[in-house]
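**Q** Single-letter residue listing:
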Amino acid sequence: MLAPSSRPLSPHLTIWRWGPHMLVSILHRITGAGLAIVGGAVLLWWLWAAADGRESYEYFVGWATHWTGIVVGVGLTWAFLQHLASGIRHLVMDVGAGFELNTNKRWSTIVAIVPVLLTALFWAYILFGDQL
Amino acid sequence: MSIETPLSRVRGLGPAGHGGQDWWAVRLNSVALLLLSVWLVASLLRLPAVDYATVTEWLRDPLAAVPMLLFVVTTFWHIQHGLREVIDDYAHEESQRVLWITLLAFFVYGGGALAAFCVLKVALAGAPV
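Protein sequence lines, in the order shown, are assigned to chains F and G. The numbering used here puts the first residue of the first sequence at 1, with every later residue one more than the last. The numbering used here puts the first residue of the second sequence at 133, with every later residue one more than the last.
A couple of the hints might just be wrong.
Listed next, the stretches of chain G that the computed footprint assigns to chain F, with coverage defined by at least 3 CB atoms under 8 Å from CB atoms of chain F [what the hints assert, rightly or not]: (1) 160–172; (2) 249–255.
Okay, the calculated beta carbon distance ranges per label pair [claimed, not checked]: (3) F:Phe99 / G:Leu145: 36 to 46 Å; (4) G:Arg143 / F:Ile70: 27 to 37 Å; (5) G:Arg141 / F:Arg106: 32 to 42 Å; (6) G:Arg229 / F:Trp16: 21 to 31 Å; (7) G:Gly146 / F:Gly98: 16 to 26 Å; (8) F:Trp18 / G:Gly242: 31 to 41 Å; (9) F:Gly53 / G:Arg143: 50 to 60 Å; (10) F:Val95 / G:Leu145: 42 to 52 Å.
It should be emphasised that the hints constitute simulated quantities derived from the structure, not laboratory data. Beta carbons are placed, not taken as given, at the ideal position from N, Cα and C, and that holds for glycine.
Between the sequences and the hints, there should be enough to build the whole structure, so can you do that?
**A** Now the structure itself:
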């Protein structure tokens with residue numbers, strides 16, 4: 001048995017220089033965990049409210065249209081789109097494509113930015129769509 | 133000298149103890165969830181409203197209820213595998229790992245069953261009198 005060493009086992013977050021590929025990689029995990037717990041709970045609440053009856057459903061809608069519900073909704077929308085975009089990036093990389101340094105950096109940057117823009121667009125449509 | 137092949141020496145050594153089939157299943161599930169998510173968002177955006185009457189009437193249509201059931205099952209399966217990967221990566225103590233895997237199983241099977249039952253209840257309830 002080797003004595004425990006204080007040296008890192010492998011290059012870790014603290015000693016790497018941050019780049020867009022690292023950002024989208026860890027965002028994939030953070031948004032995934034957030035969607036699983038918060039998104040899973042909201043999905044359950046919505047379906048349970050629909051099954052329970054009009055009163056429960058209206059209580060759900062009351063929270064969903066309250067400003068706290070909208071903040072959670074915007075967060076879930078971004079998390080969903082970010083996880084979707086970085087998930088597609090992973091599927092592309094699973095077939096062995098997109099590993100060249102510049103290609104990887106370019107697509108990682110796109111994957112980090114596009115979900116933010118789409119979230120803004122989606123909520124602008126939801127909140128102000130009827131005024132257009 | 134051993135007659136063991138290199139493959140048999142590494143097989144089962146990952147943190148989860150197994151791997152290849154799971155890896156494929158997760159990819160298949162991800163692609164299915166991608167399509168079902170796009171279907172759900174598009175369907176909800178196309179509804180004139182998302183109030184009780186509109187949503188329950190929509191869910192009574194088999195062409196909405198069945199994809200919704202598939203969405204629920206695919207989603208909770210995805211949660212199971214995604215969070216399991218996080219647990220395998222960060223919970224190093226075996227006792228902690230067992231605790232988190234148990235909690236995850238309760239959440240996924242309980243939540244998935246409840247969600248699926250709710251969809252069926254709405255879908256099979258018939259039009260309100």
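**Q** With reference to the structure, classify each hint as holding or not holding.
**A** Here is how each hint holds up against the structure:
1. 160–172: holds (count 4)
2. 249–255: This one holds; 5 residues, not fewer than the three required, reach chain F with a Cβ under 8 Å.
3. F:Phe99 / G:Leu145: 36 to 46 Å: 25 Å Cβ-Cβ, so the 36 to 46 Å window is violated.
4. G:Arg143 / F:Ile70: 27 to 37 Å: violated (50 Å)
5. G:Arg141 / F:Arg106: 32 to 42 Å: holds (39 Å)
6. G:Arg229 / F:Trp16: 21 to 31 Å: holds (26 Å)
7. G:Gly146 / F:Gly98: 16 to 26 Å: holds (24 Å)
8. F:Trp18 / G:Gly242: 31 to 41 Å: Given a distance of about 38 Å, which is inside 31 to 41 Å, the answer is holds.
9. F:Gly53 / G:Arg143: 50 to 60 Å: For glycine 53 (chain F) and arginine 143 (chain G) the Cβ distance comes to about 53 Å; the hint holds.
10. F:Val95 / G:Leu145: 42 to 52 Å: Taking Cβ atoms as reference, valine 95 (chain F) and leucine 145 (chain G) lie about 25 Å apart, which means the hint is violated.
Violated hints, listed in ascending order, are 3, 4 and 10; each of the other numbered hints is respected by the structure.
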